[in-house]
Every structure is written in structure tokens, then in C-alpha cells.
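Q: FYI, the working numbering numbers position 136 of the sequence shown as 137, with every residue one higher than the one before it.
Quick caveat, the hints were computed from the structure, so don't treat them as lab data. Treat the hints with care, since some could be wrong.
Mimicking BS3-like on lysine-lysine, the simulated pairs with C-alpha atoms at most 27 Å apart in a straight line are [what the hints assert, rightly or not]:
no.	residue 1	residue 2
1	K335	K271
2	K334	K124
3	K22	K144
4	K352	K332
5	K335	K264
6	K352	K291
7	K231	K271
8	K352	K124
9	K124	K270
10	K352	K270
11	K84	K144
12	K79	K124
13	K270	K126
14	K314	K291
15	K271	K126
16	K264	K332
17	K231	K179
18	K334	K352
19	K126	K147
20	K271	K332
21	K179	K291
22	K314	K352
23	K85	K147
24	K271	K124
25	K335	K124
26	K352	K271
27	K84	K147
28	K270	K231
29	K314	K126
30	K270	K332
Restraint ranges, calculated between C-beta atoms of paired labels, are given here [as the list claims (entries may be wrong)]:
no.	residue 1	residue 2	range
31	V249	T175	34 to 44 Å
32	H361	L99	37 to 47 Å
33	N363	D297	39 to 49 Å
Backbone N, C-alpha and C define an ideal beta-carbon position, used for all residues, glycine too.
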Amino acid sequence: KKNMEAIHINGHCEEVRALFKDHLVILVPTHSSNLDSVLIGYAVDNLLGLPAFSYGAGLNLFDSEFFAFFMNRLGAYKVDRRKKNSVYLQSLNSYSKLSVHDGVNTIFFPGGTRSRSGELESKVKLGLLGSLVQAQRILIEDKSQKKIVVVPVVLGYESVLEARSLMIQHLQITGQEKYSARVKKEGLASYLKFIKRLLSKPTHIVLTFGMPIDVFGNRVNELGLSLDHKGVQIHQEDYFQLDGKIVVDAQREGIYTRELGEKICQVYKKYNYILPCHLVAFAAFKLLSKMNPQADIYGLVQIPEEDFVFPRKAFETLCLQLRTILMELVKNKKLIDPMELEGPIEEVITKGIAALGIFHINRILFVDEFGRLLSQDFIGLLFYSNKMSVLELDELIDWSSIQWNVDRF
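Work the whole structure out from these sequences, hints included.
A: What follows is the structure in C-alpha cells.
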């Protein structure tokens, strides 16, 4: 793990560097903020120590001279997400395939757009992933020894500038008549203020590089060998052969593409690096839900925040229990070790509350002068709590062990 003041990278960094020398590396990150493109480009260049990758960035990010300055220097090319016609989409697919075939290391967000709910992607778009399968076949046909190595990357923020507006959009789309609110778009001034605070306040952004895989979802080791679940080497040409010859089979390659998409989502789940802010947000929203069993998700976020006080002892007990559950997942190799959750639970909770949504106007969680645990923004709380929703922890929580008296820590 490499520590910087604000940005941390961990996971399979050394393997990515080793594979970069002789193979084509395709980074497929999760997507939750407009800053993701700049962040990934910066981290690859300055932290991982690799030359800039090529990647598509939304046309809107080039509208301002500030973002365009970075975009044009970090390997970005323009993508107009408003265009849905088949000719444009096919052109993007062909561009991706040719770029990879020509040896261009690439970044793209397989989710397609930002996660409105704050959840990790459980499904990804298959168009560009399909171009990787096709490009790998062409490389094999050309007798190239290069392998396309796909590296899922999970981004973890303590504060996402657009958290509230994204969650409101999600609630409006999924709830329809159950929820309505005006969405305020963040302007350039907000982003500049966010970056200024990012550089001046103690916060963390974590980029976790997941297990490298080939275009069929097999693990790739640091030597570039594809291995099955038993560690036996797999030869990629076998996937494209029929009667001993490499053939084009669109249906078969479509199946490979779907399997690759599923594998990427599995790697996201395992390498979902949990920070203290995510733990406290998840615990708090679960308590809110438990104490208002009659309300669905749309009702919960519309409860007046000033009317609700979190029972602090129950909150502490739940955080401790959740940490134990997470560590059990780590022990069973189902989750990357969340090292920031180590130490006395009181310290973890204090750190998490202080960091949670630190740049938002309304405080996501805080302790007032009377020692009460409160929130000024249930919508933001839901967004950050959803970082852990992919782990499906609800059935593992033992509510009978929760202490409900309102004691201080």
C-alpha cells in the first residue's frame, strides 16, 4: 500500500506493474463521481508509476478549461453519452477494439455512468467488454504473445461531492410517485471548492486494484499466465478454436463477454475496501430502518432529521458486530482486509463520523454538545451506507444482541 496525504492505492499494484511490461492492461473502475476520470488518470501516472492510459471521458468534462486542462494531459478522449444511435456506439466499440489491438492500455467504466445510489455495480454494460474479447481473438490470430489483462478497480471516497443529488435522482427513478425532490446540479465552482478542501483537509480516497483477470475471467498471475481455480494454466487459444482452427463465433464470444462482466462484479465485491465512514453510515441507516419498521426506503429518507436521535449504545454495539462480520469475510477470503477498521471500536467510530461526508454542507453524522448522535441528511447517509450493501450483511446481523439504552461512549 502506498500512502499519500489524500489518495491511497492498494491491492494488486505490483502485479499490475509487472503485467504492464509485456501485456495490455485494461483498468475497469467503479464509477461514483465526475472526479473519477481525473483521479484514475492521476493515480495511474503519479502513484502507480505507469504512463498515462487512454480513456473516454464525458463531453461535459471538457466544457470548462479547468477540467479540459487535465483531461487532455491524462490520456482522455471525448465521449458523448447523450448519443445512443447504433452508428456512434459501434464506432466507440471499434475504436476500443483497434486501440487495444494496437497496444494502447485503456481505462473505461463498465457501469457506463455514475452509480446514483452509491452502491457498487452489480451489472455492467457489455459493449466495450465485448470489444476486448474480439481484440484478444485478433491478437491470437496475429500470433501475438500479448495478453489482454483486465483489472477491476474499486474507488472508495469519504466524501462524494454529488452524493445527495445522485441519491435523489436514484430515489426519483426507482420510487417514482413515492419520492419527489428538486435535484441541484453541481457547477464548476462546487468542484473547485471540493478540490480545494480535498487538498487542505484530512480525508482519504482509496483506489483498490483487484485481481487481474483475462477476458474469460480467469486469474492472471504476475508472469501473465492464465490460471483456473486450481492453479492450472489455461491456454486462451482454446476458447476460440473449432476443429483445431481459430474461428469467429459471435454467439460464443457473447457468452464470454457476459461471463467477463459477471466476474468483474465479483471482483468488485471482494475488493470493496471498507473505510470507517462506510461502517458508521451503514450502522446508522440500519438503526434508522430498524426503529421505523413501517417505513420503506423512500419514507425513511423523508423523516425529519431533527426528530430522530440515534441510540448511541445500540450504534456502538452494531458497529462492533458489523466489524466482526467483515473480519470473518476477510478470513474466508471473500473481502479485502479493511485495515482502517482495526483498533478500539470507539476510535474507529470517532474517525468514521469525523470523515463521513466531510465536505457536505449538512453533516451526515455528528455528536452534538449534549452527546446525542444526530444526522442532518438522511439522503446522504443512505448514499454512503450503500457502499456496504453489496456485501449482503442484513441476514448476518443479530439484533437480539443489540443494547438499546442511550449511553455515551
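Q: K271 and K332 were given as a pair; does the straight-line alpha-carbon distance stay at or below 27 Å?
A: holds (12 Å)
Q: Is the straight-line distance between the alpha-carbon of K334 and that of K352 27 Å or less?
A: holds (26 Å)
Q: Given the hinted pair K264 and K332, is their alpha-carbon gap at most 27 Å?
A: Holds. K264 to K332 sits at ~21 Å (cutoff 27 Å).
Q: Hinted pair, alpha-carbon criterion (27 Å max): K335, K264. Please report holds or violated.
A: Since the Cα atoms of K335 and K264 sit roughly 14 Å apart, the hinted pair holds (cutoff 27 Å).
Q: Does the alpha-carbon distance linking K314 and K291 stay inside the 27 Å limit?
A: OK: K314 and K291 at ~15 Å, within 27 Å.
Q: Under the criterion that the straight-line Cα-Cα distance not exceed 27 Å, is the pair K352, K271 satisfied?
A: Given that 27 Å is the threshold and the Cα spacing comes to 24 Å, the pair holds.
Q: Hey, K270 versus K231, does the alpha-carbon distance stay inside 27 Å?
A: With a Cα-Cα distance of about 21 Å, the restraint between K270 and K231 holds, given a limit of 27 Å.
Q: Tell me if the straight-line CA distance from K79 to K124 falls inside 27 Å.
A: holds (24 Å)
Q: When you check the alpha-carbon spacing of K335 and K124, does it fall within 27 Å?
A: holds (19 Å)
Q: Do the alpha carbons of K126 and K147 lie within 27 Å of each other, as the hint requires?
A: holds (25 Å)
Q: Does K144 lie within 27 Å of K84 when you go C-alpha to C-alpha?
A: violated (36 Å)
Q: Take the C-beta atom of N363 and the C-beta atom of D297, compute their distance, and say whether it sits inside 39 to 49 Å.
A: violated (22 Å)
This entry does not satisfy hints 8, 11, 17, 23, 27, 29, 33, going by the numbered hints stated previously.
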